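**Student:** Listed below, chain by chain, are the residues.
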Amino acid sequence: MQPKFNIDRPKVSDDEINKHKDFDNLVKQFKEQSINKAKSDKSWWKNNYIRYAAVIAGATVICTVTYTALFNKTKTQTANNDKTTTLKDQNTKTTNTKFINEPFEKIKVNNTSYKVDNSKGAEIKHPTGSKIKIPKSSFVNKAGEEIKGEVEILYREIHDQAEIIASGIPMRYDSAGKEFTFESAGMFEITGSQNGEPVFIKHDKPLTVEFSSTQTEDRFNQYFLDTVAKNWTYLKRDNPVLSPQQQPPNPSEAKQELKKLEQKYEPAIAAIPKRIDSVKVVYTKKIDKLEKPSQPNKPNKSSGRPQFQLDVDYKEFPELSAFKNAVFEIGSESTNYKAEMKNITWSSAEIEEGPDKGKNYILVLKLKQRVERLVVYPVLTGNDFADASKKYEEKFEKYKVLQAKRVADEAKLRAEMEAKQAAYLAQQQKIQEEYIKQKVRLQKEAELVITTQIKSGGVIPAITRVFNISNFGIFNSDHPCPRPNTSEEIQPMFVSNGAKEEIMPNTIYLIETNRNIVYTFTGASKMMIDSKIPYSMCILVGPNVYVVSKEEFARAVLKKDNNFNVTRLGSEVTDVYELKKAIGII
Amino acid sequence: MSYNSRYHHTAVQLHEEHLIIEAAKTDPNHFAPLYDKYYKQIFGYLYQRMDDKDTAFDLTSQVFLKALTNIGRYEFKGVPFASWLYRIAHSELMQLFREQKNKRCINADIGDLRFICEETQEFYLEEYIPLLKKVISELDPEDCQMVELRFFERRAFKEIGEIMDITENNAKVRMYRILEKLKKAITSPKKN
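Chains as they are written, first to last, in the working numbering: chain A, 208 to 793; chain B, 34 to 225.
These are computed hints drawn from the structure, not numbers from a lab. Note that this is a predicted model, so its numbers are computed, not measured. Keep in mind that a hint or two might mislead.
Said to hold, decoys possible - Okay, derived cross-link-like pairs now, BS3-like style, lysine-lysine, Cα gap no bigger than 30 angstroms in a straight line: (1) B:LYS99 - A:LYS211; (2) A:LYS226 - B:LYS136; (3) A:LYS218 - B:LYS70; (4) A:LYS437 - B:LYS73; (5) B:LYS99 - A:LYS443; (6) B:LYS70 - A:LYS487; (7) B:LYS70 - A:LYS437; (8) B:LYS110 - A:LYS766; (9) A:LYS228 - B:LYS166; (10) B:LYS216 - A:LYS437; (11) B:LYS217 - A:LYS607; (12) A:LYS211 - B:LYS205; (13) B:LYS58 - A:LYS493; (14) A:LYS627 - B:LYS58; (15) A:LYS619 - A:LYS493; (16) A:LYS235 - B:LYS217; (17) B:LYS73 - A:LYS228; (18) B:LYS216 - A:LYS228; (19) B:LYS214 - A:LYS437; (20) A:LYS338 - A:LYS349; (21) B:LYS58 - A:LYS211; (22) A:LYS211 - B:LYS110; (23) A:LYS343 - A:LYS355; (24) A:LYS646 - A:LYS471; (25) A:LYS211 - B:LYS166; (26) B:LYS99 - A:LYS238; (27) A:LYS766 - B:LYS205; (28) B:LYS136 - A:LYS437; (29) B:LYS110 - A:LYS228; (30) B:LYS86 - A:LYS238; (31) A:LYS218 - B:LYS58.
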């Protein structure tokens, strides 16, 4: 759709813009948001560095290939459970929100439909091996009444980078203002309806989804996608379960060693941010207690405008006591002042605080119905002004000294605080490095065990991740990763047809091909990458889809070439399997 | 033709702004000067690209909320804070247009179109207006954004680069290509 084009549209006035400014409301929203985040995010980062020793990259690839070959070619399956009655393909988007935008017209992650008799419940077996356990009488309508008859359950799973892209599910995670991208061990979307009307899960009859995941590592958390807040909500730490025949040798031994490591390092790492905050609180209090000198008011000299004298009650206006001999001068802003006013005998004259507190006042003159308000300034003349000026200079000198002292004291306190915080951060980094080193050692040992097992004809490990759900929507088992920020920066220009044509992308997906991570960028952008990690890219230009292969990406980075050659995916590509091949994950 | 210079800051101004940002990282109330300083600019940027004033005001609030939420991650790079705000605003706009394509709108004054003709070294003629409107509307979103920033908002290339997160040179090269496209579009019908 082409945008509408306006010529010479009326401008919005500054007044109108200023009316909408509301900083207090902004701060209020910010605080509310922070509180909500704090409630939902329970320190996932404690497990940030956990790399449970259970998988190797080779096994992951084999799992992905096996999964794809087995389950992604067709979705028309028959349930082997007598409580489910029908099974058919769906292309309908199940989440009623624009927050999820499927980017492709043809490449979709399909839903599977199951029908369940609410009075009996069911145990649905999905082709991937996942199970959905539905207790009887689980579903209610919007009025809270139990559903009678069959309920349609739409269910789909997202396992790898291509499916993440095709599903349109956002993978950004905002944790207390910090942005991360999820590495996924798998996601699923589940919804329920009856005759087109949504149904709801009864609060005391949650469903259990035993999600079959090919990512066997134990470092993921469970999240739910809150489409209203447009962010993921942390649910709990994921505890994957291996079936008995898939248990690697001596898992309890590896787990125990891991647990010991966690017990040793995690409390030490967790204590650091609290110490940093505590230092901040202590020093903020110290800074707040520093003396805050107030600047003295400079006496005003007469500028020759009309003047008058008043009998002022100095108890009511103590700030005027310094101007006992002063006369008041009509301010230039008092445009209503007329010379005849000085000849009128007013029935009352009052002084109120002026718009510039301590510097000017409002003189209110009344006679019958007439009320005049004049902005007036206390002014001094001759010796009075000279004396007042002298006193002012003395006070101002004292003020300057005090102010300089305060600035120096504050800077000193800040420097002390920053030094203490830096020391804590260094300590934290040291502990973390040691922790990661130990984890890697454990991981390598376990990888060796699993490799030996696979070579000897053992089974490929697959893991079940158990979700207890009391509402429909999108759930995942993911691990939040910060964007790479320590390595190279690239600013790719995308070219096709032997660099003759430049492609201007709308959306760029930067794909880590050996982990389930997809970074999304809008338009042309600079990107931070880690040159040790293999990447590919998927690019959207309107309805057209382009790909930068793994090999081409590596070439461009190696040669420091900003021109990345793209390959267009033909319109005949309608299967997510073809996308997986194109981006080099199978 | 002069360009808008409100974006440019002296070293002292940048330093002062940096101090405010650092203060705002520890206490959101210190964000007020930045909010006051940039509210109008960000609203102008958003409203320039849509027809719906209320949505533009809502989006402006959202941009500042996001900025305040993420200010802890902001790193001072020697450019005005505005460039970061513009990037947030751009991202919010793209999100909105993905969801509601009909919200996208282009706004220009006659003087702006005359300016484009000057840059393409063509005489300005009234008859070019429908043609220019058509050609600009058909540009891809990034190119259209460039035209808006350069000709309708009169921004310097340095600023355009910082807003679009590209180098100043890259911005110039792209603008050169866009001007070529526009020139071709203007002159082709004449030749025919």
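**Student:** Next, verify each hint and record whether it holds.
**Tutor:** Taking the hints in turn, this is what the structure says about them:
| no. | hint | verdict |
| --- | --- | --- |
| 1 | B:LYS99 - A:LYS211 | 28 angstroms, holds |
| 2 | A:LYS226 - B:LYS136 | 23 angstroms, holds |
| 3 | A:LYS218 - B:LYS70 | 19 angstroms, holds |
| 4 | A:LYS437 - B:LYS73 | 26 angstroms, holds |
| 5 | B:LYS99 - A:LYS443 | 26 angstroms, holds |
| 6 | B:LYS70 - A:LYS487 | 28 angstroms, holds |
| 7 | B:LYS70 - A:LYS437 | 28 angstroms, holds |
| 8 | B:LYS110 - A:LYS766 | 27 angstroms, holds |
| 9 | A:LYS228 - B:LYS166 | 33 angstroms, violated |
| 10 | B:LYS216 - A:LYS437 | 43 angstroms, violated |
| 11 | B:LYS217 - A:LYS607 | 66 angstroms, violated |
| 12 | A:LYS211 - B:LYS205 | 27 angstroms, holds |
| 13 | B:LYS58 - A:LYS493 | 19 angstroms, holds |
| 14 | A:LYS627 - B:LYS58 | 18 angstroms, holds |
| 15 | A:LYS619 - A:LYS493 | 11 angstroms, holds |
| 16 | A:LYS235 - B:LYS217 | 52 angstroms, violated |
| 17 | B:LYS73 - A:LYS228 | 9 angstroms, holds |
| 18 | B:LYS216 - A:LYS228 | 41 angstroms, violated |
| 19 | B:LYS214 - A:LYS437 | 39 angstroms, violated |
| 20 | A:LYS338 - A:LYS349 | 26 angstroms, holds |
| 21 | B:LYS58 - A:LYS211 | 40 angstroms, violated |
| 22 | A:LYS211 - B:LYS110 | 36 angstroms, violated |
| 23 | A:LYS343 - A:LYS355 | 11 angstroms, holds |
| 24 | A:LYS646 - A:LYS471 | 12 angstroms, holds |
| 25 | A:LYS211 - B:LYS166 | 9 angstroms, holds |
| 26 | B:LYS99 - A:LYS238 | 12 angstroms, holds |
| 27 | A:LYS766 - B:LYS205 | 25 angstroms, holds |
| 28 | B:LYS136 - A:LYS437 | 20 angstroms, holds |
| 29 | B:LYS110 - A:LYS228 | 28 angstroms, holds |
| 30 | B:LYS86 - A:LYS238 | 27 angstroms, holds |
| 31 | A:LYS218 - B:LYS58 | 34 angstroms, violated |
Checked against the numbered hints above, the structure violates hints 9, 10, 11, 16, 18, 19, 21, 22 and 31; every other hint is satisfied.
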